[in-house]
Structures are given as C-alpha cells and as structure tokens.
Amino acid sequence: MAKRNDNPWQFKVSFALAILMLFLVFGYFTQSFLEIRKVKPVSVAIERLSEPSAESSTDSELVPVMEAGEKGDANP
Amino acid sequence: MTATANTAAFPWGRVLEALAWASLLAAFIIGQIAAQTDYEALLQKQLPDVKLTLSQENRELPVVYRMEVDGKESPDAIVMSEGVGYGGPLVIGIKTRRTDEDAKVNEILMLTHKETPAFMARINTSNFFRQFAGMSVTDNFIIGDDVDAVSGATVSSEGFAAAIREAVHLGATQHLKLPRSWQEPAWRIGINEIILVTLFVLAFLSVYRRDRLAKYARYLVTVGALVFVGFYANVSLNLGNIAGIFMGYIPSPKQHPMWWIMIFGALGSVVIIGRNIYCHKICPFKVVQDLLQKISGVKLRIKPEVQRKSRALIFFLSWIALMLIFLSAHPALGSYEPFAMMFSLEGLGIQWYILPAALLGSLFVPSFWCRLFCPVGLYLNEIVRLRRAIRERLFGGGAKPPTASGKSTKTIKVEQD
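Sequences listed follow chains A and B, in order. To convert, note that position 29 of the first sequence is 28 in numbering that gives the first Met the number 0; the numbers rise steadily by one, no gaps. To convert, note that position 13 of the second sequence is 12 in numbering that gives the first Met the number 0; the numbers rise steadily by one, no gaps.
Derived by calculation from the structure, the hints in this document are not laboratory data. For glycine and all other residues, C-beta sits at the position ideal for the given N, C-alpha and C. Honestly, I wouldn't trust all of these hints.
Heads up, incomplete: computed chain B residues facing chain A, CB under 7 Å, no partners named [as the list claims (entries may be wrong)]:
| # | residue |
| --- | --- |
| 1 | Arg65 |
| 2 | Leu299 |
| 3 | Ile319 |
| 4 | Leu371 |
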C-alpha cells in the first residue's frame with residue numbers, strides 16, 4: 000500500500016500538469032501586461048504628480064489627457 | 000510572496016513579504032493617480048471637430064459641456080456621468096437637447112469603461128445605448144421598466160443605466176429646475192437573490208447537520224452551485240472582485256444585490272463561523288472539478304513538497320495579478336481564473352487555453368485548480384487561519400491549528416488527500 004502511494008509517476012504527471020498550467024497563467028499575465036503597456040500608468044502618474052498644471056498627452060484609451068484645472072473632479 | 004529561505008539567518012521571507020506589500024501599495028497609488036478622469040479630454044477624443052465649453056451652470060452637479068460646431072453654438076449639451084459596471088468604473092457623456100418642456104436624450108457617448116471586451120461587444124451589438132435616444136430627462140431610466148438590459152451583460156447594463164439615470168435626473172433638477180416626476184429604482188430583490196440566499200442556507204445546513212436533511216441539502220447545493228451560480232447567474236468570486244473592493248468598485252446594493260449576497264455569504268461564513276462555505280459548497284468550478292473526478296475515477300497524488308509550496312505559489316501568482324490590476328486600475332486584466340470562460344464562454348486569447356488545462360488537471364488530480372492555483376480559496380482559508388489564531392490567543396487552545404498549506408484540516412479535507 001505504501002509502495003503504491005509513493006508511486007513517483009503519479010507525482011510526475013501531476014507535476015507536469017501543474018507546470019503546464021503555470022506556463023499558461025504566465026502567458027495570460029504577459030498578455031495582460033502587453034495590454035496595460037498601452038495605458039502607460041507610471042509615466043502618466045509621474046507627470047501628474049510632478050507638474051499637475053502642465054498639459055500631458057498619452058495614447059492610452061484608458062488614461063486620458065489631463066488639462067489644467069479642467070479635471071472632472073465632480074463625480075455625479 | 001513568502002520565501003522559504005529557512006537556512007539563512009537573514010529573514011529573507013519577511014523582507015520579500017514587505018517588498019511585495021510595498022510594491023502593491025505603490026502600484027495601487029500609481030494606478031489610482033493615472034486613472035483620474037479628465038472629461039474634456041475623453042470627449043475631445045470622440046468629438047474632435049467640436050469645441051467644448053464648460054457650462055456656466057456648473058456650480059451644480061452634474062458637469063455639463065456646451066458644444067460649438069463650425070463656430071456655431073449647438074443646441075445640444077453633454078452631461079457627464081460616472082458609474083460602476085461589472086469590471087469597474089465607467090464614464091459616459093449624455094448628449095441632450097433642450098425642448099420647450101424639458102430635455103431629451105440624443106445620444107450616449109461611451110467614453111471609458113473597464114468591462115471585459117466580451118461584455119462590451121454584447122452591449123454594442125445589442126444596440127443597448129440606442130434605446131436611450133429620444134427619452135425625456137424626466138423618464139425613469141430603470142432596467143426592466145423603460146430600459147431593457149442586455150442578456151448576459153446584466154450588471155454592465157445596470158451600471159450604464161444607473162450612470163445615465165443619475166446624471167440626467169441631477170441635471171433635470173439642478174440645471175433645468177424641473178420637478179421630480181420620475182420613479183426611483185426599487186431594490187431588485189427577486190427570485191435570483193432568494194435562490195442564492197437559499198443556497199447559502201442549505202450549504203450551512205449541510206455542514207452542520209449529519210441527518211438525511213443535510214444529505215438532501217448537499218445534493219441541492221451541488222446542483223444549485225453548478226446550474227445557478229455558475230451557468231445561469233455566473234457570479235462566482237474571482238480575484239478581480241476582491242481587488243475591485245480595494246479600489247472602491249463596489250456596485251450599489253440596489254443595483255446588484257447578488258454581488259452583496261455573494262460577498263457576505265463567502266466572507267460571513269469564514270469570519271463568523273470559521274468555515275469556508277463558499278469554496279466547498281457554492282463555488283461552481285469546484286463542482287465541475289468534482290464531477291470530472293467522478294467521471295475519470297483517477298486520483299493522482301501531488302507530491303507533498305509541491306503541495307506545501309502551493310501556498311507560496313498562489314501568493315506569488317496573485318501578487319503578479321494584483322500588480323497588473325492595480326497598475327491598470329482594471330480588475331479584469333489580472334483575473335487569471337477560468338470561471339468566466341467556463342460559465343459564460345467569454346474569454347480572450349490565452350484565457351481559452353487556461354480553461355481546458357484546468358479541466359484536464361481536474362480530470363486526474365482531485366481539486367487541481369483549488370489546491371494549486373486558486374487565489375480566492377487561499378485568501379478565504381487565510382482568513383479562517385487568522386480567525387483561529389485570534390481565537391486561540393483570546394480564548395486559549397481548543398481549535399485545531401491550520402495545516403502547513405494554510406488550510407483547515409476540518410474544512411478542506413479533500414485537499415489533504
């Protein structure tokens with residue numbers, strides 16, 4: 000019974016399945032990372048923190064261009 | 000997130016953990032600053048030939064823009080609004096035109112959203128926004144009353160309708176000084192909400208009782224979890240839901256009571272009674288995995304060493320996922336779970352390969368996804384663990400200590416095979 004439980008092929012197969020899954024999850028993260036690269040959040044955030052009154056631009060669809068004092072700070 | 004460098008005297012594990020938390024905080028702050036909404040820029044992108052002027056009446060909410068086209072003032076004005084959809088916040092512009100009596104909606108401008116592309120595709124192809132054209136600002140704008148939801152994207156439809164409703168009604172009272180003649184949306188407590196509450200109650204019963212009633216309850220909950228929570232309502236919890244709570248993307252209880260029931264049911268069971276009811280009874284993907292196990296009859300074991308390290312692995316995966324979510328302020332971008340693909344057949348790119356791989360793993364390894372990859376399960380079990388630790392400290396021993404993988408020996412028996 001103990002021999003059967005310690006059968007290494009079971010461990011190998013389950014480990015291989017886990018590794019396959021891990022590769023796919025990392026693939027998904029890469030896909031998401033490529034997606035958020037379009038957003039450029041870090042550069043936009045730094046621009047906004049360092050010079051809030053200056054005009055900035057970005058090609059992002061999610062992060063809009065900021066303009067002086069024109070922020071939509073009123074949130075209905 | 001937690002390293003296992005036991006040999007070194009230097010506490011690498013704690014340092015890594017602190018760095019992980021600090022980086023998450025930094026990503027959160029950066030994402031929130033970067034995602035602040037600039038209405039005019041968003042509008043200008045969609046209406047490049049239009050000159051926008053902030054209305055002089057903007058001492059009151061909502062924000063309204065006047066329009067000039069070819070140097071001539073347009074009779075239309077754009078009322079801005081924000082709401083919360085399924086994936087997070089959304090911003091819309093509502094083009095309205097003043098009439099003798101009130102004002103009418105001309106067009107809805109979808110400016111930004113964080114819905115999954117598949118949901119948005121459904122909304123766009125169903126012409127959801129077109130139904131608002133011609134409606135008076137004094138109409139109700141209530142889903143199921145004078146507005147139809149899009150099947151399969153109900154929460155997003157509710158989010159858009161609520162954002163439109165709040166903005167136009169606010170504009171009607173504050174800008175146009177019209178009397179309130181519309182209905183306010185009622186609580187949407189219907190059969191779906193009752194079923195979900197019933198499932199949680201039956202799940203509690205099946206845990207606490209050992210009689211025939213518990214047996215029937217267990218069968219009912221299993222079927223209900225798969226059919227109702229999974230395929231019908233598709234409200235299974237994922238990492239995006241949890242991250243969304245931290246980012247304030249919380250739908251109103253009136254708009255989406257199912258979300259609240261699910262959160263209260265899942266968190267309430269771990270906090271109040273110290274049992275992870277959600278993972279073991281309500282999660283539809285767990286039911287799918289169990290079914291696959293029954294079909295195959297194969298129960299491959301995971302190497303104990305791998306199982307022990309799974310906790311660190313899931314923390315690491317969820318750290319990456321949360322970094323992506325916080326930086327983009329977009330919960331759907333980091334949720335790597337295959338639930339949405341399984342139950343609504345919606346997914347993008349590599350997500351489609353994650354689902355068959357998870358199913359294949361579950362065919363041979365019991366609770367394959369839960370044991371090695373599921374962040375929600377780990378977080379809920381961590382709360383159980385924390386609760387036990389607090390309880391032991393306050394009231395002394397008695398409670399069983401959690402296992403090395405952070406799972407309770409009593410509640411996660413399938414994971415300790």
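Cross-check of the supplied hints:
With its C-beta approaching chain A no nearer than about 14 Å, arginine 65(B) sits outside the 7 Å limit, and its interface hint is violated. A distance limit of 7 Å between C-beta atoms decides the matter here; for leucine 299(B) the minimum to chain A is near 5 Å, and the interface restraint holds. Interface hint status for isoleucine 319(B): upheld, as the beta-carbon distance to the closest one in chain A is roughly 5 Å, under 7 Å. Using the Cβ-Cβ criterion of 7 Å, the hint placing leucine 371(B) at the interface with chain A is satisfied: the shortest such distance is roughly 5 Å.
The structure fails to meet hint 1 from the earlier list, while all remaining hints are met.
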